[in-house]
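Following the hints, complete the assembly by docking chain B onto the known chain A.
Protein chains: 2
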Amino acid sequence: MSQPLSELPRADLESFRDTQQAAYDDLVASGLKLDLTRGKPSAEQLDLSDGLLTLPTTTTTPDGVDARNYGGLAGVTALREMFAELLGLEVAQLSAQGTSSLTLMKDVLTYLWLKGGVDSERPWGAEEKVRFVCPVPGYDRHFTLLEWFGIEMVPVAMTDTGPDADAIAALVADDPTIKGMWLVPTYANPTGQVTSQEVAERLASMPTAAPDFKIFWDNAYALHHLSAEETKSADIVSLAAVAGNPHRPVLFASTSKITYAGAGVAFVGGSRETITWFHDNLGLGSIGPDKVNHLRHLEFFGSPDGVREHMAKHRDLLAPKFAEVERILTERLGGLGVASWSQPRGGYFVSLDVMPGTATRVIELAKSAGVALTPAGSAFPYRNDPEDTNIRLAPSFPTLAEVTGAMEAVATCVLLAAAEHLLA
Amino acid sequence: MSQPLSELPRADLESFRDTQQAAYDDLVASGLKLDLTRGKPSAEQLDLSDGLLTLPTTTTTPDGVDARNYGGLAGVTALREMFAELLGLEVAQLSAQGTSSLTLMKDVLTYLWLKGGVDSERPWGAEEKVRFVCPVPGYDRHFTLLEWFGIEMVPVAMTDTGPDADAIAALVADDPTIKGMWLVPTYANPTGQVTSQEVAERLASMPTAAPDFKIFWDNAYALHHLSAEETKSADIVSLAAVAGNPHRPVLFASTSKITYAGAGVAFVGGSRETITWFHDNLGLGSIGPDKVNHLRHLEFFGSPDGVREHMAKHRDLLAPKFAEVERILTERLGGLGVASWSQPRGGYFVSLDVMPGTATRVIELAKSAGVALTPAGSAFPYRNDPEDTNIRLAPSFPTLAEVTGAMEAVATCVLLAAAEHLLA
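One line per chain: the protein sequences are A and B, in this order. Residue numbering for the first sequence follows the numbering used here, beginning at 3 and increasing consecutively. Residue numbering for the second sequence follows the numbering used here, beginning at 3 and increasing consecutively.
Treat the hints with care, as some may be off.
Away from chain A, derived, C-beta distances all over 10 angstroms, residues of chain B [unchecked claim]:
id	residue
1	Thr-59
2	Asp-109
3	Glu-130
Sample of chain A residues at the chain B side, in silico, Cβ under 8 angstroms [said to hold, decoys possible]:
id	residue
4	Lys-42
5	Ala-69
6	Leu-75
7	Thr-79
8	Ser-102
9	Met-107
10	Gly-127
11	Gly-264
12	Gly-290
Below, computed lysine-lysine pairings styled on DSSO-like, alpha-carbon distance capped at 30 angstroms [said to hold, decoys possible]:
id	chain 1	residue 1	chain 2	residue 2
13	B	Lys-131	A	Lys-117
14	A	Lys-117	B	Lys-117
15	A	Lys-117	A	Lys-131
16	A	Lys-35	A	Lys-315
17	B	Lys-131	B	Lys-117
18	B	Lys-315	B	Lys-234
19	B	Lys-369	B	Lys-35
20	A	Lys-131	B	Lys-131
21	A	Lys-369	A	Lys-35
22	B	Lys-117	A	Lys-131
23	B	Lys-35	B	Lys-315
24	A	Lys-315	A	Lys-234
If you are wondering where the hints come from, they were derived from the structure by calculation, not from laboratory data. Glycine included, every Cβ here is placed at the ideal spot set by N, Cα and C.
Same shape as in the complex, but just chain A:
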C-alpha cells in the first residue's frame, strides 16, 4: 500500500487502524525494552578507544611540561595543534579543557553573564532582558541551559542549508536584546543539516543591534561522517574575522563521540581575544585542565589523520544502524503521507516528523510498548513543539538488532497514531 492514509475511505481506514492496533497489542505483549532516547555511543564504539587505558606512556609533554602537575591553563599544546588543524583554527584560537563541551558552553555563558564578553558594554546579567535565537528543532540541552540563565528563546526554522538566515538577520538587526544564537553547524542535532558556507557567511557578517552578539557554534559532529563524503564545516572564525566581527563566534567541540563519551577532551575556539578572555575568567577557578588525559589522547591518535582513521571505524559501526532506520521508515511509512524524516550524512540523529498532532501520542504508545523515545517537544525551546510533530531518534547506542526491533515498533506506533488521528 502506498496511498496516503488521509485519502482512504473511512471503512478502509478503520480496518487499517484495527490492523495496526493488533500489531501494537502484539508489540506490548512481546515485552520489549529498548531505548532510542540519547545520542550515546555504543559499547562497541567505546571499545575502539580502549587503547587509552594504558596511555600515556610518557607524562612529559612534547614541549617539556610535566603533565601530572598543576598548570598550563590552555591545555597541552600538541593536542591543541592536532585539533586546531582538524577544526580549521590557529592554535591560539583553541583551548583544550576537560571532558565536556557542554560544561564549556555553560562556562562561557556564565562569564558573559557575570562579566560580559570582549565586546560587551556591560555584563549580560546587567541587561534588562537577554534573548537567544534557537534554530528548531535543536538540541534540548542547549535550551535548558538558556532557561537556567533566564535567557528568552526565539525559535527560527532550520532549512536544508542551515538555519533560516533571512529570518535571523531580520530579528537581530534591530533588537539589541538578542545577544546570541545556537547552532550545530555540521550534521545538526537532530535534523542533520549542514550549514552552508553561504549561510555561515551571512551569520558572520549580518549587522546586529547587540555589539556583542555571539554565535555559539557547537560543532559536536564536525568529524562524524556517516559516508565517505566528509563534509567540511564552514570556517566561521575566519568568516567572522573577515566580516569585521571577529569575536562573534565561540566554537565548541569534543572527543566525547570520538573516544570516550564520559572521559574525552573538550575544546573551545574563537578569536585570540576570545580565548584570552576565556582563560582570564577560567583561571579564577582552574589551575589547568587534565593534561594527562590530553597526552593520553595525543598519543592514542598520533596525528590529525589518526583521528580521521579512527572516525572511519565509528562510521563502520554507525552507518548500518542509520541505514536500518532509513530502511524501516521507508518500507513501513513511505507513501502513506504520515511522516517525513531526515537522511543525515553524519551526526547521531534521525529527525522524524510524524502527522502533526500525533508526536506525543506516538511517544506514549512507544513507551507503553517498552520503547523509550525522547519526550515530545524536547527539540524545542520550553519543550513546546507547536505542531506536535517532531520525534528525535538516536540509533547509535542499541545494537543493530535492537534498532530493528525499536524502529519496527516506532513505525507501528506512528501508523496507529495517524489512523487514530484521522478517525477522531
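For chain B alone, kept in the frame of chain A given last:
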C-alpha cells in the same frame, strides 16, 4: 649571636648589615634559580602515583555502569564511598567530580550567585552587597575568586585553634550582607593551624543574620600529615546538622596532592539537600564527570587504608623538606627578633612573618638573587598585608638541596632587610 637585632648598638648593626650585604652579594653572584612560590607536589611525589597510567583494568564500575559512557552525575559510587569514609561523610553527602576542587568552589559560588542556595531568600547576585569573612593569612586563590564575583572581603585573624570565632560570631550576628566565610580547617594555607572541634562547633552553631550563611570548608590537606600524628578534621557537616544549620557547610577536597595535581579527582560535600542542589545546577552543564578517572583512582587505592598508606609515602618525601626549612630558620634567624614562623604538622606551607614593614623588601631581594617567593600580600584580601610582614614558603616542589639553597638565601634576605629597616 642570639641577641635581638633591635637591641644592637648602631655601629654593630651597621657591621651586621654589611656582613649580610656581602653575603647577599655573593648570593646574587652565584646565579641561583629557585622557586618557593606554589604548593606543588614534586616530581618524586607524582612518581608515587604513576601506577595510575595503566589503570583502570576494567571500565565497568562495581555497580555495573560503563564508565566510558555518559552519565552518573554524582560520580562513581565506590569512589564516593571510599572518600566519604576518609572525610567522615555519608555517601549521599559527597559528590565526586573533575580534577579541581577550586573549580567546584567557583561552581558553588556561581550557583549561589545566580540561583541562591537551598536556604536563600534570593540569588546572592540579587543582593545589594555580599561579603565574606576571610581568615588571614589565607589562600590567595580564595580571595581572587571572591574578587571576581565582586564579593567584599572582611579579614579576621587566625589563632592557634583556627579562625577567631568570637570575632566572626560578632560580625555575622547582625550583618545579613555577610553570606559566608572561607576556611582551610586542617593544616591551613599558609599558617598550618588546625581548626579545633570547639571552634568548628562555634562556627557551625553561631547565629547568623543571613539565613543562608555558608562555610566554605576547603579541606585540601585533610590527609596531608607531616608526622605520624594524624590530626582528625572536625566533622563540620554533622556539627552543623546538630546545631540546626545543616546546609551551612560546603566541604571541598581533592586528590590533587594525593595523586596527580593536574589529573586527580575533586569532591564537594555537604547536607544531602546541598548535594542535590549542587547536582541540580551542575546538571545543566554536565552529563557526568570523568568516571574512568574515578575508576582509575578507585583501583589504584583499593581502600581508604590504601589512601592512608599512600599519604605516608608523601610524608616521607615532604617531612625532610619541612625539617630543613625549620632548621635553617632556627639556626639563621632564631633569637634575633626579626622573624617568627609556623611549625606545621601537615599541609604544604610554612608561614614566615618577618619584621613588620620588610616583607616586600625581602621578596624583592630574594627575587634579585634568583629565589622566587609568593608576592607580598598574597595571603591577604586585595593583596593587602597591613603589616607587610607575611611571606608564604612552599618547600614541596624543589629538591631538598634546592630547599636548603633557597632557605639560606631567604634567611640572608630577611636579615639584610631587617638591618636596613632598623637603620633607616
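Each hint, compared with the structure:
For B:Thr-59, the shortest C-beta to C-beta distance to chain A comes to about 8 angstroms, within the 10 angstroms cut-off, and the non-interface label is violated. A beta-carbon of chain A is positioned within 10 angstroms of the beta-carbon of B:Asp-109; the least distance is around 7 angstroms. Against chain A, the non-interface label of B:Glu-130 holds: every CB pair exceeds 10 angstroms, the least being about 15 angstroms. For A:Lys-42, the interface hint holds, the least distance from its beta-carbon to any beta-carbon of chain B being 5 angstroms, beneath 8 angstroms.
Proximity of A:Ala-69 to chain B holds as hinted, the smallest CB-CB distance being about 7 angstroms (cut-off 8 angstroms). At a threshold of 8 angstroms, the smallest CB-CB gap from A:Leu-75 to chain B is about 11 angstroms, leaving the interface hint violated. For A:Thr-79, the shortest C-beta to C-beta distance to chain B is roughly 15 angstroms, which exceeds 8 angstroms, and the interface hint is violated. Hint on A:Ser-102 holds. Least Cβ distance to chain B is approximately 6 angstroms, under the 8 angstroms limit.
For A:Met-107, the interface hint holds, the least distance from its beta-carbon to any beta-carbon of chain B being 7 angstroms, beneath 8 angstroms. A distance limit of 8 angstroms between C-beta atoms decides the matter here; for A:Gly-127 the minimum to chain B is near 7 angstroms, and the interface restraint holds. A least Cβ separation of about 5 angstroms between A:Gly-264 and chain B falls short of the 8 angstroms threshold, and the interface hint therefore holds. Taken as an interface hint, A:Gly-290 checks out: its beta carbon lies about 6 angstroms from the nearest beta carbon of chain B, inside 8 angstroms.
Distance hint between B:Lys-131 and A:Lys-117 is fulfilled; the C-alpha atoms sit about 17 angstroms from each other, no more than 30 angstroms. Proximity of A:Lys-117 to B:Lys-117 is assessed by CA-CA distance (about 17 angstroms); at most 30 angstroms being required, the pair is judged to hold. Restraint check for A:Lys-117 and A:Lys-131: satisfied, since their Cα atoms lie roughly 16 angstroms apart, inside the 30 angstroms limit. Among the hinted pairs, A:Lys-35 with A:Lys-315 is consistent with the structure: their alpha-carbon atoms are about 28 angstroms apart, no more than 30 angstroms.
For the hint pairing B:Lys-131 with B:Lys-117, the CA-to-CA distance comes to about 16 angstroms; that is within 30 angstroms, so the pair holds. Annotation: proposed proximity of B:Lys-315 to B:Lys-234 holds, straight-line Cα distance about 19 angstroms (limit 30 angstroms). For the hint linking B:Lys-369 to B:Lys-35, the alpha-carbon distance of about 9 angstroms falls within 30 angstroms, and the restraint holds. Between A:Lys-131 and B:Lys-131 the CA atoms are separated by roughly 22 angstroms; this keeps the pair inside 30 angstroms, and the hint holds.
About 9 angstroms separates the Cα atoms of A:Lys-369 and A:Lys-35, which keeps this hinted pair within 30 angstroms; it holds. Under the criterion of a C-alpha separation no larger than 30 angstroms, the hint pairing B:Lys-117 with A:Lys-131 is consistent with the structure, at around 17 angstroms. Taking the CA atoms of B:Lys-35 and B:Lys-315, the gap is about 28 angstroms. The hint holds against a cut of 30 angstroms. The suggested pairing of A:Lys-315 with A:Lys-234 holds, with an alpha-carbon distance near 19 angstroms, which does not exceed 30 angstroms.
Checked against the numbered hints given earlier, the structure breaks hints 1, 2, 6 and 7 and satisfies all the rest.
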